Amino acid sequence: MGLSRREFIKRTAALTAASYVGLELPFSMQKEAKAADVDKWVRGSCRLCGVGCRLDLGVKNGKAVALRGVPESRTNLGYLCMKGMLFYKLMGHPDRLTKPLYREKKTDSFKEISWDEALDIAAKKFAGAVTAYGNDSVAYYGSGQALTEETYLFQKVMRGGLQTNNVEGNPRLCMASAVGGYLTSFGADEPIGSYSDIEKSHCFFIVGSNMAEAHPVIFRRLMRRKLDNPDKVKVINVDPRVSPTSRIADMHMQFKPGTDLAILNAMAYVIVNEKLYDEKFINDYAVFRVGKEKKQVDLAAYKKFLEDYTPEKAAAICGGNITPEKIRTAAHWFAKSPATMSLWTMGVNQRKRGVWANNLIHNLHILTGQLLKPGADSFSLTGQPNACGGVREGGGLCHILPGHRLVKIEKLRNQVEQAWGIPKGRIPPKPGYHTVAMFEAINAGKIKAIWINCTSPAQSMPNADKYRKGMSREDCFIVVTDIFPTKTTELANLVLPTAFHFEKTGVYGCTERRSQLTPKAIDPPKGAKPEVWIVREWALRLAKELNDPVIKQCVAPFIGKEEGYELPKAIWDEYTQKLTKNRDNDLRGATYDVLKTMPDGVQWPAPTEDFAKKGGTVKKFVRGIDPIADKEAKDDKPYQFYGPAHKDRKLWIWLRPYKGPAEAPDAEYPFYLSTGRIIDHWHTTSMTGRIPELMRANPYAYVEVNPVDAKKLGIKPGDMVEVESRRGKNILPAKVYEGPIEGMVFVYWHDMHEDRMINRVTKDAYDPGSKEPEFKICACRIKRVSGPKPLKPYIVR
Amino acid sequence: MKRRWKYCCSALVWAGVLSLCTLSFAEKGTSVISKVSQAANAAIKAVTQETHPEVSEQEKLMPCFECHKEATPDIEKEWYNSRHGIANVKCYQCHGTFENMEKEPSDDRCYVCHAGAKNHTKPGKACWECHPAHNFPVKKK
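Top to bottom, those sequences are chains B and Y. The numbering used here runs 3 ahead of the 1-based position in the first sequence. The numbering used here runs 561 ahead of the 1-based position in the second sequence.
In short, the hints are calculated from the structure, not lab data. Among the hints, a few may not be true.
Below, computed lysine-lysine pairings styled on DSS-like, alpha-carbon distance capped at 30 Å [as the list claims (entries may be wrong)]: (1) Lys109/B x Lys472/B; (2) Lys630/Y x Lys719/B; (3) Lys683/Y x Lys63/B.
On a predicted model such as this, the values are computed, not experimentally measured, just so you know.
Make the full structure from the sequences, and use the hints.
Below is the structure:
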């Protein structure tokens, strides 16, 4: 619902008033080069979501001047969203960090220092912390936007060198529940299928995802499938908020936030009680399990469990537009379609019971056999370009080592130690702090030095003020590596300027198990360095400071390598050839030489170069398609579930009860607050906020208010509204439309301005299994504080 | 279809934008009237140069469609219901922003996403001559 003419005029009036108070935009305009006017095109990947769009960077006179899609790429088929079209403007941006900056105290001003000084300081501080307070007093907090080579090398130095598993990253905030769901339901992390299932699917079950904005190019493929086959293809959208994604839906299921677990169980109830399940598939491949003990039960027990979730009971729990009939229809569409594909993101993952919600989606697929055949899959969309490749596969979380190995299993630790040529027992057996615990530990003064790479937790942590307070402590030395100033560099002692991708070489692994190389195309701004060079040089100094040759051993294979290509290539070779060998993410065939020849990279498993050159594995676990399924086959069945987490080689259907959010609305805080992305911006706007087109398209965060609630509270479009929780408050302009369900407000989370930084309001409760925070739901109250006010877009400079 | 854009973005349409701006400015009192005149003059000049009428920096922070829903409602509606509209391909992706705006985008802007289509482009013909803006039917009309 758009603004009425009267409302439009009113808003325009407010905005116009601001034009006379003097406004400085946080960017300078530059003349844009014509797309075709380039010296060369260099092929790589986009880094502004998890889709993995392939694109060519246009280079002229050594500068990035244009981008275009790669039509032969199987990820994006040539399409790009606005972020993918425009990010070349970041590379020569005048705000780029180009000098190491240091201050002893966080209250001091930064001073420019040399790289030698900077690396010496970083080494002395980390070594000093280890000596005085022990190995677990230091930590690394990385990113799903770091290249695989970077995450791998950082965690190698932390675990093998500094002997701590305090290795975390922002994928904990977005994908950890999906990891937990895949491991507990299918026995192996990451999706079974691929994007190519989209064009073969007949029913899309989109739950907890506004993919039209968060994954626009993949949404475009769904849209084309639906619009080209309007009667043949059904789209079910399950979301408390009507979003741009809902525009292609045949059915929108709108419910009270947090009650979707009841919907999913109710759909299972219909499938079981109306015998819509695939009995042979279940008998061949699945078992039922319940509880922490993973106790095996039978179909009868599952059926009894589901009696609490009749469509009538679920509809009463869920509210909104959920009716028993709607649940039945959704279950029928899901089960009876020739091929059903589920897609979800943060609405499911960022939840107190995110793993359970993932399990309940997987349950529907296992029950109905909507898996492993063309067009059918239970497909989690990843948020970041390399959350899968770098962090989930490369060992970027506190409990996992490279190659999907668990820290707690000695045999797997020993495999890694052997591959690295370091003494057995060097990697500590105890997993490190997960993300919330890591920042809690900073608050408690337990972490004395932390390296934050390519991410901005000062803005992206839930309940951000609580953790910013800890990060402000003078007894915690903070190093930040990034390309631009952020809310987190504001809290750092040492800021190190890094190269953007395309200014260095490395691999991103996107949602569909696909690894893609982005080679260096241009030099970074003078003074900025690739992270792999920074880590290597830092580690060599650490080895001297701590007089520990094992730290040096961690980077010994890489000493002397040229930083733009040879160094990352050597790291990738070590990781793929030694650490993914015979693992489910076997990438030995995806060498740089092979990746350079592929328009769109390689999907693992890809154990040999010959196999990788054909593109790798489109569908895991299927004999004849997946070489590991053939190699590991234990019987004649076409599907072989060899995943490391399920020794019984079965898919697990879980009995998971409905549980609500950690904080439900009450008399004091009567509204649900949810947050999400907007299409024009990426994460914390440190990049997209510096691109004029993108900043102008969405210069501020809004609070979306349902018209019924707005009327009750006297809120009109553009009015300034206070959104307050038990943790903090924002004041934002209101967008009044029938998006969020009545009783819920929704805020975009990209805005850096203190008044509009919604993570000051969100809650840091987390899933007990995945440790992923429940960004998506907390209780708040709202009130109108004034009419429209002129606002300025804001980014840290 | 070649003339479609020009017709739709004629001075008459821009006058609609200006009338909105005038209303808005007028609410702030007579002191801004002279600025309105300046804006109007600039807008007229802009039309002849086929660039966007002059708007304030703050007004540039409004999404294009919010003005164009009023100023060019047919175009906005056509776009909104097109595949570009459903897929959130926004105005600025084809037309650029104020400083680099093209009323009639060159084919280069199309090729950012539709590089494969270069092969079937007829010499001397713009993409939108066969795929009329702003609904872009895929079949040749």
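Q.
Against the 30 Å threshold, does the CA-CA distance of lysine 109/B and lysine 472/B hold or violate the hint?
A. Holds, because 12 Å separates the two Cα atoms, which is no more than 30 Å.
Q: Decide if the proposed pair is consistent with the structure: lysine 630/Y and lysine 719/B, CA atoms, cutoff 30 Å inclusive.
A: The given pair, whose Cα atoms are some 19 Å apart, holds under the 30 Å limit.
(Q) Need the status of pair lysine 683/Y, lysine 63/B: alpha-carbon distance at most 30 Å? (A) Holds: lysine 683/Y and lysine 63/B sit about 28 Å apart, inside 30 Å.
Of the hints listed earlier, there is not a single one the structure fails to meet.
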